[in-house]
Amino acid sequence: MTEARGLDALPGELMMWVLIVSELMVFGAGLTAMLAMRLTDPASFAAAQEHLFQTGAALNTVVLITSGFLAAQALAWRRAARRMAARAALAGAAALGVLFLWIKGAEYAAKAADGIGWDSHPFFTFYYGLTGFHAAHVAAGIVLLLLVAWRDAPQNIEAGAMFWHMVDLVWVLLYPVVYLLG
Amino acid sequence: MTGLSRPLLRAWAWLTGLSLAAALATLAPVPPWAVAAATLLLALAKARLILARYLDLARAPCWLSGTMLVLALWAALAFALYAAPALTP
Chain A
1 MTEARGLDAL
11 PGELMMWVLI
21 VSELMVFGAG
31 LTAMLAMRLT
41 DPASFAAAQE
51 HLFQTGAALN
61 TVVLITSGFL
71 AAQALAWRRA
81 ARRMAARAAL
91 AGAAALGVLF
101 LWIKGAEYAA
111 KAADGIGWDS
121 HPFFTFYYGL
131 TGFHAAHVAA
141 GIVLLLLVAW
151 RDAPQNIEAG
161 AMFWHMVDLV
171 WVLLYPVVYL
181 LG
Chain B
1 MTGLSRPLLR
11 AWAWLTGLSL
21 AAALATLAPV
31 PPWAVAAATL
41 LLALAKARLI
51 LARYLDLARA
61 PCWLSGTMLV
71 LALWAALAFA
81 LYAAPALTP
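Protein sequences, first through last, are from chains A and B. Just so we're aligned, residue 1 is where the first sequence starts under UniProt numbering, counting upward by one. Just so we're aligned, residue 1 is where the second sequence starts under UniProt numbering, counting upward by one.
In case anyone wonders, no lab produced these hints; they're calculated from the structure. You can take every hint at face value.
Just so you have them, the derived chain B footprint on chain A, three or more residues with Cβ under 8 Å:
1) 10-22
2) 37-48
3) 61-71
4) 156-168
5) 172-178
Every residue, glycine too, gets a C-beta built ideally from N, C-alpha and C.
Go ahead and model the full structure; you've got the sequences and the hints to work with.
And the structure:
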């Protein structure tokens, strides 16, 4: 048996990898721009960051990686012809996605109650822009997970799970820069 | 539910542990630059686990190494931008 080389070695759909790399570049550029803007006034950026709900963000990290585990497990189960188990795992992954958005919504509501908006400080412009754009991907991913739970061909589940892992991957890179590097 | 994939379960356990370590790193009595370096390294470790296990890139080691190299360069840039104000007089 010959070993796959080049693009053929990539697991899953090539276009999903194009999407994953594109999204990483977009979020990477946004995070780099935020850190570059921080150079102009690091002290006020650190003070603004202290308003963030770090515990909620840490909890959301665990929520997303657990959801990612369920999505990956769903694909393994579907390939083993365990359709109901795969569907249950996808529904669980989507439910954890909803929990992520609920925690994120509580975080935004707390900021609004404190009178903090996207224009309160340049840090919050980046904070709302980056986390809001990510949350939009989470919302799209939830729809996608439920769609592939319904139309559960293995290649559909693989594409849905890959999208979800991309959302997960972006979060683990976004979390330290936005929430921890004060 | 039975039949859980052991590699996936192991990856999830590592990801949870690394996430906890990142959260606790901010409480450590060390200089901010050390916290920044630690949290970025932990983020890279988590990214590698997601790529290798969840996205199954462990089956394509060249692509995994190449992707990690790009992410490591980005993390180095992020750290340089973070640490630069402390280094300037």
